[in-house]
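Put together the whole structure using the sequences plus the hints.
Order-wise, the sequence lines are chains R and Y.
The opening residue of the first sequence carries number 1 in the numbering used here; numbering runs sequentially from there.
The opening residue of the second sequence carries number 1 in the numbering used here; numbering runs sequentially from there.
Simulated from the structure, these hints should not be mistaken for laboratory data.
Ideal Cβ placement from N, Cα and C applies to all residues, glycine included.
One or more of the hints may lead you astray.
Stretches of chain Y that chain R covers, calculated by requiring three or more beta carbons in the stretch to come under 8 angstroms of a beta carbon on chain R [unchecked claim]:
| hint | stretch |
| --- | --- |
| 1 | 165–177 |
| 2 | 226–235 |
| 3 | 454–465 |
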Amino acid sequence: MPVQEGLYGLLAEFNTPQAMVKATQAARSAGFRRMECYTPYPVEEAATALDVHRTRVPLLTLMGGICGLITAFLMQTWMSAISYPINVAGRPLFSWPAFIIPAYEWTILFAGLSAAFSMLALNGLPQPYHPLFNAPNFRVGATDDKFFLCLEATDPKFSLVDTRNLLEDFRAVSVVEVDL
Amino acid sequence: MAPKPAIDQYRHPVNDPMIDPVTGEFAVIAPGHNFTSVTRKIANVVLTSHTPLGWFMGLVVAGGIASMGVVAITWLVLKGVGIWGVTIPGAWGFAIVNFVWWIGIGHAGTLISAILLLFKQSWRNSINRFAEAMTIFAVVCAGLFPVLHIGRPWLGYWLLPLPNTMNIWPQFRSPLCWDVFAVSTYATISVVFWYIGMIPDFGTLRDKAQLPFAKWFYGLLSLGWRGSTRHWMRYETASLLLAGLSTPLVLSVHTVISFDFAVAALPGWHTTVFPPYFVAGAIYSGFAMVLTLAIPIRKFYHMEDLVTLRHLDNMGKVMLGTGLIVAYGYGLEVFMAWYSASHWEWFMMWNRMFGPMGWGYWLLILFNIALPLGSLWWRRLRTNVAYLFAISIVINIGMWFERFVIVVTSLYRDFLPSSWGTYRATKWDYMLYIGTMGIFTSLFLLFVRLAPMIPMNEIKMMLPQTKFDHVDAEETMQETM
Numbered sequence: 001m002p003v004q005e006g007l008y009g010l011l012a013e014f015n016t017p018q019a020m021v022k023a024t025q026a027a028r029s030a031g032f033r034r035m036e037c038y039t040p041y042p043v044e045e046a047a048t049a050l051d052v053h054r055t056r057v058p059l060l061t062l063m064g065g066i067c068g069l070i071t072a073f074l075m076q077t078w079m080s081a082i083s084y085p086i087n088v089a090g091r092p093l094f095s096w097p098a099f100i101i102p103a104y105e106w107t108i109l110f111a112g113l114s115a116a117f118s119m120l121a122l123n124g125l126p127q128p129y130h131p132l133f134n135a136p137n138f139r140v141g142a143t144d145d146k147f148f149l150c151l152e153a154t155d156p157k158f159s160l161v162d163t164r165n166l167l168e169d170f171r172a173v174s175v176v177e178v179d180l
Numbered sequence: 001m002a003p004k005p006a007i008d009q010y011r012h013p014v015n016d017p018m019i020d021p022v023t024g025e026f027a028v029i030a031p032g033h034n035f036t037s038v039t040r041k042i043a044n045v046v047l048t049s050h051t052p053l054g055w056f057m058g059l060v061v062a063g064g065i066a067s068m069g070v071v072a073i074t075w076l077v078l079k080g081v082g083i084w085g086v087t088i089p090g091a092w093g094f095a096i097v098n099f100v101w102w103i104g105i106g107h108a109g110t111l112i113s114a115i116l117l118l119f120k121q122s123w124r125n126s127i128n129r130f131a132e133a134m135t136i137f138a139v140v141c142a143g144l145f146p147v148l149h150i151g152r153p154w155l156g157y158w159l160l161p162l163p164n165t166m167n168i169w170p171q172f173r174s175p176l177c178w179d180v181f182a183v184s185t186y187a188t189i190s191v192v193f194w195y196i197g198m199i200p201d202f203g204t205l206r207d208k209a210q211l212p213f214a215k216w217f218y219g220l221l222s223l224g225w226r227g228s229t230r231h232w233m234r235y236e237t238a239s240l241l242l243a244g245l246s247t248p249l250v251l252s253v254h255t256v257i258s259f260d261f262a263v264a265a266l267p268g269w270h271t272t273v274f275p276p277y278f279v280a281g282a283i284y285s286g287f288a289m290v291l292t293l294a295i296p297i298r299k300f301y302h303m304e305d306l307v308t309l310r311h312l313d314n315m316g317k318v319m320l321g322t323g324l325i326v327a328y329g330y331g332l333e334v335f336m337a338w339y340s341a342s343h344w345e346w347f348m349m350w351n352r353m354f355g356p357m358g359w360g361y362w363l364l365i366l367f368n369i370a371l372p373l374g375s376l377w378w379r380r381l382r383t384n385v386a387y388l389f390a391i392s393i394v395i396n397i398g399m400w401f402e403r404f405v406i407v408v409t410s411l412y413r414d415f416l417p418s419s420w421g422t423y424r425a426t427k428w429d430y431m432l433y434i435g436t437m438g439i440f441t442s443l444f445l446l447f448v449r450l451a452p453m454i455p456m457n458e459i460k461m462m463l464p465q466t467k468f469d470h471v472d473a474e475e476t477m478q479e480t481m
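Quick look at the structure:
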């Protein structure tokens, strides 16, 4: 990948989630869309302010579960009735009531793995490098006790001076520029 | 007007900071914590360069016991299952007793992490991480037994539906095959749920670590977590979905294990009460094991402010509830033996109570029913740490005897008196069983040292600073500081 240079965005640090959410709401009503909050624990109000409540994880989980159910049921049917039919104590080759139990387990297995891996994939994880890790104060507080709002430079409303002024109106502890 | 405090004013004065003045309940987290203090308290256990001496001593003892188990496994692989006490008619013996015992212990971890999450029992946040770790290590120990019991463990993969040169497939009509699917799914989902739960905390450890190796190690495990709100929303959704999936899973796993017995036409096994009774028993023994682990750990690492008497009290209540279901199961077994009007059922029950191994049945009644269910009604005893620790060990022993009684006393005297026999475990049975306790404890000690044992982000969510309806947030922050 070519080395990129330039500005990723402006990162504002807050002491409380309440102050961060106020700043987020203000930035959103000022027209910003390319922005993100960073918090040490999930803050519902920040998600409401950013309007990012909807995710595709449940849909992918449902699809995984259906896939597991069909896979397990067809696999057992094929193995018991078609690939190598054995008469076991006179039971029918296609003993579907017995096949339900492994199919049930694989429904949960596939759905659970889909939930976990689709969450990671949609989040773009694992991602060892991110520009925010360049910010001097980000790694000190973002996973501990500080609340961050990042307004990204790719937003059309972004301007270094005006955006900084907007953020500083909201009791931000600091506003720093983040390099790519 | 505030409701009257529910607890004894003389033993717990109203100005006790651990007691909520409105509800009279013990606090879930001791007052005075803020975001930083939670991080520091939990992360320091992992990141400190001074490993406590007691931890090393624990690991040496547990590792010694585990190596005894390894010796027992090695000799078993060299000589075959003939070194165990299993014979005909007692063909299942310790291997299945210990398998069911261990996997039952694991179930409390999933109950705490999944079912209590769905029920919004936020007190579970302090104990769910190590309860999940307990689940995984218990499943590891449980899995050893059937794999070794098949006689040729190196062919254990024949249990899986893999293409092979013989062109045959597993027998999907057999409960033992369902077991393979249930237990392997359970192990996989438990590990995934546990790891997903730890990713944000690994991020915290990465950022707090000082040593280059620790930064690299936790950086790798954290997958580059940075706490973005979009990530958190997907993460919360995935956690909730995994909890919703683990709940039917954990109920199905012990149900399938009870099918191993209930589908057989043997008196003492062939009952419809087995699935609910097994699940309740599993949760009963699992909560006992959580207490056995949590009480020494909270003392050793001074976690009394995060794992409070509220947790111990609540776990005592869960044990009381599940213990009563187990007691109902025992009662129903006896009733059905009489009500079935089956000569064989009635003889089995008589033999179980008064036969040569009747002592096992009465020990189980004493340890599982009489002692715990007679005493856990009292709040004073549920909040007495030493008593709870003792009773948790009593229940663990009792639940082991339950499986022993079910497996052995049903098998050794069945329909035909000429085929009666007895069962006697050998020293290799005992060595392997005690050895798995060493394996379990060693794994648990390593977990406590290398991973955050209490979820930091979930504890932070319970602090008052996170509330948005408060008048002035900055002021709350200052007050708590």
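Evaluation of the provided hints:
1. Figure legend: the stretch 165–177 of chain Y, annotated as covered by chain R; annotation consistent (8 residues with Cβ-Cβ distances under 8 angstroms, at least 3 required).
2. Using a Cβ-Cβ cut-off of 8 angstroms, 10 residues of the stretch 226–235 of chain Y lie near chain R, which meets the minimum of three, so the contact claim holds.
3. A stretch counts as covered by a chain when three or more of its residues have a beta carbon under 8 angstroms from one of that chain; for the stretch 454–465 of chain Y and chain R the count is 6, and the coverage holds.
Of the numbered hints listed earlier, not one is contradicted by the structure.
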